[in-house]
Amino acid sequence: MPGVPPAIRRQVLASRSSKSLTRSIATTIGRKAADHGHGAHAEAAHHHEEYNQPSGHLFGEKPLGPGEKRKREDWEMIWYIGMFGSMAVAAIGLYYKPDTSIQTWALKEARQRLEARGEDFEYKPSTPGQPPSDLRPTTSPH
1 MPGVPPAIRR
11 QVLASRSSKS
21 LTRSIATTIG
31 RKAADHGHGA
41 HAEAAHHHEE
51 YNQPSGHLFG
61 EKPLGPGEKR
71 KREDWEMIWY
81 IGMFGSMAVA
91 AIGLYYKPDT
101 SIQTWALKEA
111 RQRLEARGED
121 FEYKPSTPGQ
131 PPSDLRPTTS
141 PH
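Our numbering numbers the first residue of the sequence shown as 1 and each following residue consecutively.
These aren't lab readings, by the way, just hints derived from the structure by calculation. C-beta atoms are modelled at their ideal positions from N, C-alpha and C, and glycine is treated no differently. Any given hint could be a false lead.
Claimed, not checked - Label-pair distances were calculated between CB atoms; the ranges are: (1) Thr104 to Lys71: 46 to 54 Å; (2) Trp105 to Pro63: 27 to 35 Å; (3) Tyr80 to Tyr51: 22 to 30 Å; (4) Pro128 to Trp105: 19 to 27 Å; (5) Ala106 to Arg70: 22 to 30 Å; (6) Gln103 to Ile78: 22 to 30 Å; (7) Val89 to Pro128: 48 to 56 Å; (8) Arg70 to Ile92: 29 to 37 Å; (9) Gly118 to Ile81: 33 to 41 Å; (10) Gln103 to Tyr51: 54 to 62 Å.
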């Protein structure tokens, strides 16, 4: 820019740089919005398969031939031990769990109250032909 005063030249350059900065920010924001959060390598990810194609076999394993044994993965034994071990621990814990039901508490409480009054807690059936002991008429000594 020959013949342009330095003050005007600085203003023009500053406005050009701010316009280009604004344009680059707008372009970057537009690109980030268009990639839907897939990151900086969104364009490269579209050129690769993101999952294994279905093979028609259960878990993608081909059927074994006669006499062949399936080779286990490294994590399988750890999973079996952890899964079935935790189930065994839970079963043992539930078997020995204390009885905290309200029926058990009420039975203990009733037994304590009856013993405190001096009454028998156990049921005694009456003999045939006689009314139960609590229904017999009491004779009062006058």
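Going through the hints against the structure:
Taking 46 to 54 Å as the suggested C-beta distance range, the pair Thr104 and Lys71 conforms, at roughly 53 Å. Taken as a hint, the range 27 to 35 Å is violated for the pair Trp105 and Pro63, whose Cβ atoms sit roughly 59 Å apart. Between Tyr80 and Tyr51 the Cβ separation comes to about 27 Å, which falls inside the hinted range of 22 to 30 Å. Separation of Pro128 from Trp105 is about 36 Å and departs from the stated range, judged on CB atoms against 19 to 27 Å.
Range check, Ala106 to Arg70: about 56 Å between beta-carbon atoms, so the 22 to 30 Å window is missed. In this structure, Gln103 and Ile78 break the distance hint of 22 to 30 Å, their C-beta atoms being roughly 43 Å apart. In this structure the hint that Val89 and Pro128 lie 48 to 56 Å apart at CB holds, the actual value being about 54 Å. Checked against the hint of 29 to 37 Å, the pair Arg70 and Ile92 passes, with Cβ atoms roughly 32 Å apart.
At roughly 58 Å, the beta-carbon separation of Gly118 and Ile81 lies outside the given 33 to 41 Å, and the hint is violated. Distance hint check: the CB atoms of Gln103 and Tyr51 are about 55 Å apart, consistent with the given range 54 to 62 Å.
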